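Q: Those protein sequence lines, which keep their order, are chains A, B and C.
Under numbering that gives the first Met the number 0, think of the first position of the first sequence as 0, with each following residue one higher.
Under numbering that gives the first Met the number 0, think of the first position of the second sequence as 0, with each following residue one higher.
Under numbering that gives the first Met the number 0, think of the first position of the third sequence as 0, with each following residue one higher.
Please note that a few of the clues may not be correct.
[What the hints assert, rightly or not] Here are the simulated SDA-like cross-link-like pairs (lysine to any residue), alpha carbons at most 25 Å apart as the crow flies:
1. C:K50 with A:R353
2. C:K338 with B:P104
3. B:K237 with A:P104
4. B:K330 with A:R43
5. A:K330 with C:D33
6. B:K113 with C:H361
7. B:K338 with A:G310
8. C:K50 with A:L362
9. B:K218 with B:S185
10. B:K99 with C:D356
11. B:K330 with A:G98
12. B:K233 with A:A109
13. B:K233 with B:T424
14. B:K113 with C:L362
15. B:K330 with A:T311
16. B:K330 with A:E97
17. C:K330 with B:D102
18. B:K233 with B:P408
19. A:K50 with B:N275
20. B:K374 with B:E142
21. A:K99 with B:L362
22. C:K233 with B:A108
23. A:K50 with A:A109
24. B:K50 with C:E274
25. B:K99 with C:L362
26. C:K50 with A:I354
27. C:K338 with B:A40
28. A:K50 with B:N320
29. C:K330 with B:N83
30. A:K330 with A:S185
31. A:K233 with A:T424
32. B:K218 with B:L407
33. B:K113 with C:D356
34. C:K218 with B:R115
35. C:K113 with A:D356
36. C:K113 with A:P104
37. B:K374 with B:Q415
38. A:K426 with A:S393
Quick caveat, the hints were computed from the structure, so don't treat them as lab data.
All of these numbers come straight from a predicted model, not from anything done at the bench.
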Amino acid sequence: MLAAETERLTRVGRETPMGELVRRFWIPFLQVADLSEPDGAPVRVTLLGEKLVAFRDSGGRIGLIDRLCAHRCADLFFGRNEENGLRCTYHGWKYDVEGKCVDMPTEDAASTFKDRIRLTSYPVQERAGVLWTYMGPRAQTPELPEFEWMRVPEDHRFTSWSFQENNFVQGIDGGIDTVHSVYLHSTLDSHRDLNAWQEQGKSQGDARQVHRVRSNPPKLFATDTDFGLMIGGKYRGKEGTDYWRCNLFFLPFYTMPPGQPWRKIAHAFVPLDDENTARWCFSWTLERPFTAKEMAEMRAGSGINVQLVPGTHYPVRNMANDYLIDREEQKTLTFTGIKGIGEQDFSVQEGMGRIADRAREHLGSSDVGIIAMRKRLLKAAADLQEGVVPSAASHGSLYHVRAGEVVLPSDAKWDQDERMRQVMTAKW
Amino acid sequence: MLAAETERLTRVGRETPMGELVRRFWIPFLQVADLSEPDGAPVRVTLLGEKLVAFRDSGGRIGLIDRLCAHRCADLFFGRNEENGLRCTYHGWKYDVEGKCVDMPTEDAASTFKDRIRLTSYPVQERAGVLWTYMGPRAQTPELPEFEWMRVPEDHRFTSWSFQENNFVQGIDGGIDTVHSVYLHSTLDSHRDLNAWQEQGKSQGDARQVHRVRSNPPKLFATDTDFGLMIGGKYRGKEGTDYWRCNLFFLPFYTMPPGQPWRKIAHAFVPLDDENTARWCFSWTLERPFTAKEMAEMRAGSGINVQLVPGTHYPVRNMANDYLIDREEQKTLTFTGIKGIGEQDFSVQEGMGRIADRAREHLGSSDVGIIAMRKRLLKAAADLQEGVVPSAASHGSLYHVRAGEVVLPSDAKWDQDERMRQVMTAKW
Amino acid sequence: MLAAETERLTRVGRETPMGELVRRFWIPFLQVADLSEPDGAPVRVTLLGEKLVAFRDSGGRIGLIDRLCAHRCADLFFGRNEENGLRCTYHGWKYDVEGKCVDMPTEDAASTFKDRIRLTSYPVQERAGVLWTYMGPRAQTPELPEFEWMRVPEDHRFTSWSFQENNFVQGIDGGIDTVHSVYLHSTLDSHRDLNAWQEQGKSQGDARQVHRVRSNPPKLFATDTDFGLMIGGKYRGKEGTDYWRCNLFFLPFYTMPPGQPWRKIAHAFVPLDDENTARWCFSWTLERPFTAKEMAEMRAGSGINVQLVPGTHYPVRNMANDYLIDREEQKTLTFTGIKGIGEQDFSVQEGMGRIADRAREHLGSSDVGIIAMRKRLLKAAADLQEGVVPSAASHGSLYHVRAGEVVLPSDAKWDQDERMRQVMTAKW
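Turn these sequences into a full structure, and let the hints guide you.
A: Structure below.
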């Protein structure tokens with residue numbers, strides 16, 4: 000990939016092609032739990048390179064506004080969150096959740112100066128335990144995506160996020176990558192030869208086990224959709240059949256792997272700036288609530304979640320401490336010696352550097368999905384420059400699909416087959 | 000303010016307009032206590048972007064010279080301070096307090112090489128517990144300012160300084176800001192409505208209380224003086240009268256608020272480089288010495304002083320730890336939840352970033368003083384480029400004034416009134 | 000020295016003149032002990048600005064290859080070192096010690112894609128407890144230097160290295176500097192006046208003591224050799240004689256001082272990048288093995304070695320902690336108050352800044368060797384640009400010399416005298 004293309008793909012500042020594209024969608028920026036208390040402490044938020052501060056006012060409404068006061072640039076993070084507004088500690092200018100200056104006690108009561116003062120502010124919605132904002136033109140406000148995890152009962156859902164120290168596209172690259180699981184996330188006694196596996200009776204009657212062995216690498220296919228991309232991995236199955244895994248990429252930064260029949264997962268890789276990302280994890284169950292034990296384990300970092308320094312969104316195992324890699328464990332038990340699926344992902348995604356030099360890559364047949372996703376993003380950004388807003392932005396219902404897996408006859412068209420379509424239909 | 004103006008206002012390197020202006024004045028750079036012992040440890044000093052080292056020689060004289068040895072650039076901070084000179088540890092070259100190389104043992108005794116070696120050095124004066132230096136042209140050496148705090152007996156005076164992580168003008172902006180105290184430095188039960196306050200009898204007979212309530216914001220005026228600027232805050236007083244507070248700005252970086260009748264205060268904001276400042280605090284009493292308890296409290300950070308990491312000039316409560324803000328205290332007791340007047344100032348001044356982007360400001364009627372001060376500085380810098388040295392530099396007696404407060408008839412001319420003049424007259 | 004010359008002298012990236020010169024020689028990059036275990040943990044190596052990873056494969060062979068996987072840039076430091084290759088944890092691509100991709104499980108078995116994938120790799124030799132690599136054109140692979148310390152029995156030798164936070168030429172500057180020892184590395188009661196010293200009988204019958212007093216500074220001479228440079232320090236000796244100390248500089252980054260009759264020392268200053276160096280210390284005995292006590296003391300940082308944070312190559316006493324300078328000790332016992340010869344060297348070499356500004360230097364008669372060394376390096380780099388490879392690169396035997404000291408008649412030609420030649424002859 001040429002340097003100029005990497006540049007277009009990864010930069011998210013205002014007036015960059017990709018930055019403008021992302022600004023056309025609702026963006027998750029905090030969990031409700033991060034900002035739950037009316038008149039509680041403001042929270043620093045950086046999104047797409049813009050420094051903002053979020054606060055919940057007395058009435059429970061949420062403001063996401065410029066971090067610096069319009070008067071003399073004092074940091075509103077230190078502001079007083081009081082009586083339906085955030086008041087600057089320097090001279091008492093006060094802003095409501097829309098960024099309007101609603102009190103300016105340094106001026107005469109008769110002054111109209113305050114009416115001309117308005118901080119940049121972005122609209123906020125609370126949905127499914129998440130705070131969403133929209134940073135694009137108001138006249139073209141999009142719809143929230145209608146992800147299945149946003150509709151299940153609250154006790155069917157678990158959400159977390161953490162800071163990730165690299166550009167967001169590296170996260171997406173990994174999130175739609177069908178193949179890496181049997182390496183990065185594997186143990187040493189898994190993924191052995193398919194025949195041996197079957198002889199042991201492990202996959203008897205379970206066609207999906209064929210993707211669990213490394214000796215059966217998939218062929219990859221990608222199909223553009225309105226929401227983004229279907230990425231199909233075709234694994235050799237029983238005679239005359241193929242086992243298909245379908246990963247999804249949703250504009251502008253969501254990924255969804257097939258997950259398990261009873262528990263689904265998805266990610267968002269939200270660009271905080273060019274070199275930092277918020278990695279979101281969404282887990283949800285289809286048939287029963289999560290148990291208290293499952294919830295507690297996810298809070299502690301199990302599954303796709305990472306272990307966080309308590310009270311923060313910073314990972315305990317990170318680049319600075321080599322993810323606490325245990326070389327003995329790497330020799331004897333797991334492929335990486337690093338604990339945690341999320342942390343394993345970080346070790347490769349952050350390990351590439353803040354913005355990976357894609358000119359060094361050598362993409363192969365397993366990278367069909369990655370190539371297609373990058374093209375999709377670049378195309379959408381180029382289209383927007385021509386004035387064409389992605390339809391996904393204004394059609395939340397497009398997001399109401401699941402990733403999935405299915406066994407199909409060898410002559411089936413995977414991306415049009417009714418069986419695949421059924422598997423992909425979200426129920427909630 | 001245009002970016003180019005901010006640039007001129009804030010940059011202090013050699014050959015910048017503001018850097019040259021500041022170089023025309025004596026500059027406080029250490030306390031005597033920081034460098035008290037003859038032949039004691041040298042101290043790193045950075046001033047106006049220049050890296051220097053200070054040492055006190057065997058005879059008690061103080062040198063302030065280039066930090067790197069003229070020979071092969073070894074760091075003289077590690078030097079041996081011995082027998083009237085600082086000796087480089089690398090090859091033994093030795094410098095006196097004037098930067099002259101007085102011993103060069105690596106050369107033949109007959110060599111005259113050493114006579115040609117002289118490090119940049121700046122003259123130093125000790126006065127009032129402070130070490131002062133002058134970094135401008137020797138032929139035009141200015142006078143020391145004759146501040147009142149420099150003339151009171153030693154036990155009437157307390158001085159401290161700390162590192163501040165922003166450009167010096169942000170410090171001055173705050174130092175002359177009459178209005179911010181009733182916000183930034185207030186408690187929640189102070190500054191209530193003036194009528195209620197008076198009904199409680201709190202300000203009965205005390206005209207100055209009118210500035211203590213937020214509902215009575217002042218009108219601001221600024222008048223150029225030879226030393227800098229008088230900034231008058233006019234508060235509505237009893238019928239037919241105004242209560243005036245007069246803050247002073249002294250070229251090139253001093254500020255003085257009215258203080259209290261028995262205890263006065265002043266600041267210097269000394270530019271260490273473009274992005275770092277030494278914030279100096281001068282407190283002095285007029286009628287009696289500070290008590291031991293008062294001294295101990297100021298050493299611990301009370302008043303305008305900040306709490307320092309012992310043995311250093313680094314604040315305990317700083318940007319990296321959010322000034323240990325206590326959000327519960329902010330809700331229930333104080334306006335900021337941050338302990339310490341100095342630390343409260345830092346939270347707004349450092350919070351703006353190293354060099355505040357003044358293009359984002361919206362200055363109002365309460366910023367008359369700030370606007371005038373910036374103009375005064377820029378004008379003085381421009382004049383100097385035309386060859387005009389500020390008269391304040393060569394007339395230390397101009398600094399022999401106090402900030403003050405006075406009640407005047409409504410038709411009085413505040414800045415020419417005899418009563419104001421009297422209040423402003425320094426006694427010591 | 001002009002800025003442009005400093006630039007040529009110090010920059011070591013690919014295609015810089017100096018970078019290309021250093022690439023024509025074998026380079027020590029790790030101790031064998033740093034990478035001793037087959038299939039053990041890979042080690043990050045940075046050399047000449049190139050980010051590499053070293054690993055020892057199952058057969059004991061050592062690979063030094065690009066740090067990032069050719070596929071999608073994952074960091075091979077986290078790789079699995081298994082069955083004769085380093086396997087990327089992301090998708091299982093596996094590399095042998097020559098950087099060849101030997102397994103690419105993500106592709107079809109029939110694919111020839113993997114045959115086209117080869118990471119940059121550099122050949123490695125193990126010799127004398129050190130791992131050496133060569134980063135230049137393969138067709139002109141040089142010979143290993145045949146230093147005496149590489150040939151003595153293992154128990155006659157001690158090697159260590161540490162990170163040094165400055166450009167490598169500052170290290171060489173110090174390594175060949177005859178004069179600085181009587182300052183930087185001295186105690187206060189050493190190096191007194193020569194007459195007093197002799198009167199005390201300390202140097203009776205020991206001609207070499209004359210260089211131990213500061214009042215007898217040497218005259219310096221430098222002579223180009225095939226391996227680099229002889230730097231002679233001539234000290235006034237008994238009537239009609241001179242005492243000569245001869246320091247050696249070997250292309251491209253080795254230095255050797257005279258040492259002691261029974262114990263010799265040498266350094267390599269290996270450029271990790273423009274601003275970081277690995278400082279190597281080689282100590283060896285000529286007549287008997289080091290004792291266990293001597294070995295233990297050197298491991299703890301005695302002699303030219305530095306005290307390392309256990310399990311790392313980072314110095315305990317470093318710039319960030321002012322080398323734990325003890326000002327009382329500097330006043331009363333040692334010239335610097337810093338413990339350790341290596342740490343004393345660091346305090347001056349790192350103290351100059353990452354790349355010393357040589358435009359500020361004032362070189363004198365004691366700097367003849369430094370001047371000659373810089374010229375030698377710049378000349379060799381310029382010659383290489385004309386296609387002339389230094390003969391030292393292809394003649395390892397040129398390195399089979401010792402630094403030394405000798406008393407010569409005043410009319411002797413020091414650099415051609417048979418007595419000097421004999422002293423310089425390596426025995427092992």
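Q: Now look at each hint and say whether the structure bears it out.
A: Hint by hint, here is what the structure shows:
no.	hint	verdict
1	C:K50 with A:R353	15 Å, holds
2	C:K338 with B:P104	24 Å, holds
3	B:K237 with A:P104	21 Å, holds
4	B:K330 with A:R43	19 Å, holds
5	A:K330 with C:D33	18 Å, holds
6	B:K113 with C:H361	10 Å, holds
7	B:K338 with A:G310	23 Å, holds
8	C:K50 with A:L362	21 Å, holds
9	B:K218 with B:S185	20 Å, holds
10	B:K99 with C:D356	21 Å, holds
11	B:K330 with A:G98	21 Å, holds
12	B:K233 with A:A109	17 Å, holds
13	B:K233 with B:T424	20 Å, holds
14	B:K113 with C:L362	11 Å, holds
15	B:K330 with A:T311	22 Å, holds
16	B:K330 with A:E97	22 Å, holds
17	C:K330 with B:D102	19 Å, holds
18	B:K233 with B:P408	11 Å, holds
19	A:K50 with B:N275	22 Å, holds
20	B:K374 with B:E142	24 Å, holds
21	A:K99 with B:L362	16 Å, holds
22	C:K233 with B:A108	16 Å, holds
23	A:K50 with A:A109	32 Å, violated
24	B:K50 with C:E274	20 Å, holds
25	B:K99 with C:L362	16 Å, holds
26	C:K50 with A:I354	16 Å, holds
27	C:K338 with B:A40	17 Å, holds
28	A:K50 with B:N320	19 Å, holds
29	C:K330 with B:N83	14 Å, holds
30	A:K330 with A:S185	13 Å, holds
31	A:K233 with A:T424	20 Å, holds
32	B:K218 with B:L407	14 Å, holds
33	B:K113 with C:D356	20 Å, holds
34	C:K218 with B:R115	20 Å, holds
35	C:K113 with A:D356	20 Å, holds
36	C:K113 with A:P104	71 Å, violated
37	B:K374 with B:Q415	22 Å, holds
38	A:K426 with A:S393	21 Å, holds
The earlier numbered hints that this structure contradicts are 23 and 36.
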